[in-house]
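Protein chains in written order, with UniProt numbering: chain A, 1 to 241; chain B, 1 to 256; chain C, 1 to 249.
Treat the hints loosely; a few may be bogus.
[As the list claims (entries may be wrong)] Some chain B residues close to chain A (C-beta under 10 Å, calculated; not the full set):
1) I25
2) P26
3) G62
4) W65
5) T71
6) V73
7) I74
8) V187
9) V190
10) Y222
11) S224
[Claimed, not checked] Rough simulated footprint, nothing fancy, chain C against chain B, three-plus residues with beta-carbon under 8 Å:
12) 11-17
13) 85-92
14) 96-109
In case anyone wonders, no lab produced these hints; they're calculated from the structure.
Ideal placement from N, C-alpha and C gives every residue a C-beta, glycine not left out.
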Amino acid sequence: MTLSLEIKKLKRTGYFPAFIGAGFIASAFPVINMLARAQTFTALSGDPLTILMDANWQMMAMINILICVCGSCIMYHTEYADNGLQKMDVLPVRSGALFITKFVITALILAIIIVMETAVLAGCALHWFPGRGLSLWELLKTAGFQWLITLPTVMMMLVIASAWKNMWISLGIGVILVFALSILPQDLLILNLCPFSSPYQTYAMAVQNDRVSLFLILCPVETPGLGLLEMFYQKIRRCVQ
Amino acid sequence: MSFLSLTTVELKKIRRSWIMLILLIPVVIMWIPSVIYGDMNFDTRGIPITPENNFFIQGFMGMVWFMIPATLVIGTVLLTQTERSNNGILKMLSLPVSTAKLCLTKFMVLILLSFVQMVMTVAAYYICAAIASSMLDYNFFLEPLYVFRVALSIYAGAIPTAAVFWMIAILIHTPVFAAGIGLASIVPSVLLINTKIWFAYPMSYPFYLLMVEYGRCADGIYTSEIDWLPWLPTAVLITVLALGIACIRFGSVQKR
Amino acid sequence: MNMIETRNLTKTYGDFTAVSHLNMHIQKRRVYGFLGPNGAGKSTTMKMFLGLTRPTEGQFYIDGKTYPKDRMSILKEIGSFIESPAFYGNLTGEENLEIIQKLLGLPKGSVSDALELVGLGPFRKRLAKKYSLGMKQRLGLAGALIGHPPILLLDEPTNGLDPAGIHEIRTLIRSLPRQYDCTVLVSSHLLPEVELMADDIGILNHGRLLFEGTLDDLKASARNAGFPTDNLEDTFLAMIDADNQRGGR
Numbered sequence: 001m002t003l004s005l006e007i008k009k010l011k012r013t014g015y016f017p018a019f020i021g022a023g024f025i026a027s028a029f030p031v032i033n034m035l036a037r038a039q040t041f042t043a044l045s046g047d048p049l050t051i052l053m054d055a056n057w058q059m060m061a062m063i064n065i066l067i068c069v070c071g072s073c074i075m076y077h078t079e080y081a082d083n084g085l086q087k088m089d090v091l092p093v094r095s096g097a098l099f100i101t102k103f104v105i106t107a108l109i110l111a112i113i114i115v116m117e118t119a120v121l122a123g124c125a126l127h128w129f130p131g132r133g134l135s136l137w138e139l140l141k142t143a144g145f146q147w148l149i150t151l152p153t154v155m156m157m158l159v160i161a162s163a164w165k166n167m168w169i170s171l172g173i174g175v176i177l178v179f180a181l182s183i184l185p186q187d188l189l190i191l192n193l194c195p196f197s198s199p200y201q202t203y204a205m206a207v208q209n210d211r212v213s214l215f216l217i218l219c220p221v222e223t224p225g226l227g228l229l230e231m232f233y234q235k236i237r238r239c240v241q
Numbered sequence: 001m002s003f004l005s006l007t008t009v010e011l012k013k014i015r016r017s018w019i020m021l022i023l024l025i026p027v028v029i030m031w032i033p034s035v036i037y038g039d040m041n042f043d044t045r046g047i048p049i050t051p052e053n054n055f056f057i058q059g060f061m062g063m064v065w066f067m068i069p070a071t072l073v074i075g076t077v078l079l080t081q082t083e084r085s086n087n088g089i090l091k092m093l094s095l096p097v098s099t100a101k102l103c104l105t106k107f108m109v110l111i112l113l114s115f116v117q118m119v120m121t122v123a124a125y126y127i128c129a130a131i132a133s134s135m136l137d138y139n140f141f142l143e144p145l146y147v148f149r150v151a152l153s154i155y156a157g158a159i160p161t162a163a164v165f166w167m168i169a170i171l172i173h174t175p176v177f178a179a180g181i182g183l184a185s186i187v188p189s190v191l192l193i194n195t196k197i198w199f200a201y202p203m204s205y206p207f208y209l210l211m212v213e214y215g216r217c218a219d220g221i222y223t224s225e226i227d228w229l230p231w232l233p234t235a236v237l238i239t240v241l242a243l244g245i246a247c248i249r250f251g252s253v254q255k256r
Numbered sequence: 001m002n003m004i005e006t007r008n009l010t011k012t013y014g015d016f017t018a019v020s021h022l023n024m025h026i027q028k029r030r031v032y033g034f035l036g037p038n039g040a041g042k043s044t045t046m047k048m049f050l051g052l053t054r055p056t057e058g059q060f061y062i063d064g065k066t067y068p069k070d071r072m073s074i075l076k077e078i079g080s081f082i083e084s085p086a087f088y089g090n091l092t093g094e095e096n097l098e099i100i101q102k103l104l105g106l107p108k109g110s111v112s113d114a115l116e117l118v119g120l121g122p123f124r125k126r127l128a129k130k131y132s133l134g135m136k137q138r139l140g141l142a143g144a145l146i147g148h149p150p151i152l153l154l155d156e157p158t159n160g161l162d163p164a165g166i167h168e169i170r171t172l173i174r175s176l177p178r179q180y181d182c183t184v185l186v187s188s189h190l191l192p193e194v195e196l197m198a199d200d201i202g203i204l205n206h207g208r209l210l211f212e213g214t215l216d217d218l219k220a221s222a223r224n225a226g227f228p229t230d231n232l233e234d235t236f237l238a239m240i241d242a243d244n245q246r247g248g249r
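Could you build the full structure based on these sequences and the hints that come with them?
The structure is reproduced here in C-alpha cells:
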C-alpha cells in the first residue's frame, strides 16, 4: 500500500521522467563515442562488451549516481517543501517504512535505466563489432552487477536527503561526495567499496581482479547497514524535535 | 539604484546560507589527497613534467573538470531557492527595481562566489605545497604570479559556463531539474575536450584552459596554444545570449 | 480625485476568468475596503496593480500612470503586502527590511521606524523563519509601510493575527490616511472588519464587482434590493448568495 502511495506522491514532480531522461543521456555516451571514433575501439581485441564498458562506463555510472542524488533530493523535497512530512509523522505510518519504500522505488527505477543502458551497450556491440560474439548471460550478469553495486550509493544519498530540510544542502553534499570519490585514486580497494565510488567498478574489471564475490557480499551488506543509519537518525530527530 | 549597492543587497540575502562552507569543502577535499599522495608527483609516468608543475596541475585537475562547474550549479540553486522558498521574489518584483538589473546582480553574486572559491583554492594550494615540501624535502612552490595568472584565467573561463547555468536555473523552474541538467552537462566535457568542437561547449572551458597549461608544462600532452579565434567570439556570444535570455525570463513565472 | 481607477480590467487563466470587466474607483486619502469571498479575484486584481500579472484586457491607472509603460514609477509609489508574506527566512526581520529600504533608497532610520510601527521592535534580531504566523504577517506589513508610500495595497493584512493584533493593525490602517496622507486599498473576506476600517467598499464575487460605494450607500442599496440591513454580515452574505444563484459562476 505504501508503495503505491509513495509513487503517487511523486506525481508531477518530474521524478520518473528525470530518471528516464538520465537513462537516455547515459545511453547516448556509447553511441556518440562509437559514432565519433569507432576505429579506436573496433581495433582493440577482446570482448566487445568489455571494450565498450571500459570506454564508457565511467561517465555512464556518473550520470547514474547524479540522477540518484537528484532523485533523492526530489523525493525529500516534496516531503519538506510544504510540510508534508510533518503530516506523515502524525499519521499512523511508520516513518521507517516510508524511507524503505522510497529506497525500493529508487532501486526499481534505477534497475530500469541500467537495463536500458546495458541494452544500448549490447546494441552498440552488435552494430559495431559484428561477429565478435555477445552472450546474453554475460549481459544479464553485467546489468545485475552494476545495479547491485549502485545500491549502497542510493541508500546513502536517501539518508543524506532525508537529513536536511533545505534541499540544496543535501544536493551540495551529494555533489561533493560524487566529486570527491571520483577523483580519489581508483587503485585502493577500500575506496572502491565505498558508496559513490563502487558504481564505477565494471563487471569485467571485477572479474579480472577476482573481486566479484567481494562486491556481491559487501554491497548487499553495506546497503542495509546504511539504512540502519537512517533508523538511528530518525530516532534522534524525534528526540530532538 | 546603482549596480554596486544592488549587489550588496544581493549579498545580504545569502547570509547564513552556509555557502562559504560549500565552497570550501571541495577545495579541502581536492588538496588533501594531493598532499597524502605527494610522492606520486615524482612518478611522472614518462610525461616530461617537473614534480612541482605536476603537483599544481594534478591538484587543479579535479577542480576544473567537475568542481568549478558543480559549485556554479549549486550556487544557482542557492540563489533561486532563497528567492522562492518564502516568496521573497514576489516582494522584489513589487519594488521599483528593474528585473533585468536584479537578474544581472544575482549573476554577479554567482561570479563573486566563484572568485571567492578561487582565492580559497590558491590559498589551499600554497598551504598544501608548504606541507608537501617539508614532508618530501622538495620545493613544490611555483611563482605566485604564475599561479594567480593560471587560476584567474581558469575562473575567467568559467564565466560563460556560469552564464549558461544561470540561464538554465531561470528557465527551468524546478530547482532539482535545473541542477540535474547542469550537473549532467558537466560529465561529457571530459569527452568533448578532445574533440574539435570543444569551444562550443562552455562547460569545458575551465578544463580546456588547464589542459593548455598542462600542454605548456609537459610537451605533447595537449596543445600549448589557446585557439582564440573560434573560441573567444563563441564564448562572448554564448555569454551574452544566455544572460539576455535569463534577464528576459527572470521573474516571468511569478508574473503569469 | 481617483488615485486608482480601472477600466474593464479583466484577467483570464485559460478558460477561467479570475477578474471580469472590473471598473473600480479608489479615491485619494481614503481607505477602500475590497471585500469578497476566497477566490473572488481580490489578490489577482492587486497583483495586476503591482505588475505581478498581466491584464488580459482593459487598463488601470494609478495616480494617472499606467502599466506596463510606467511600471517603475508606479511601484515607487506603492507599498504592498500580497498574499502569504514574502520574506527571506535566513535573514532577521531587520535584515529583511534593510533590503527593502536599500532598494527603495530610503534613509536607514526607516527600518526601525517600520519595525516599531507594527510592533516588531523587540524581535528585530530574530530570524524571519523563526517568526510566528502573526509576526510574519507583521513583517510583511512593515515591508509595505516602510517609507510611508502614498499608496498602500494590503491583501488580508489581519490574517493569522490574534484578536488584540487584529485590533491594533486595524487601528493603524484606519489612522494611515490622516497620519501619512496616503490612500489604502485593503482586502478582506470579513465584512465586519472592513466596516471598521474602510471609508469606501467594493464587493467582488467571481471576478465581478457587485457593489461600489460608501457604507451608507451599501445599506441604502441593500434596502432597495430587499436584502437584510440590520446586520451587515447578513447583507454581504445575501448579496453573494443572490449573485451565486443568478449564476455568477
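Any hints from earlier that this structure breaks? Give me their numbers in increasing order, please.
Hints 10 and 11 are the ones this structure does not satisfy, whereas the remaining hints hold.
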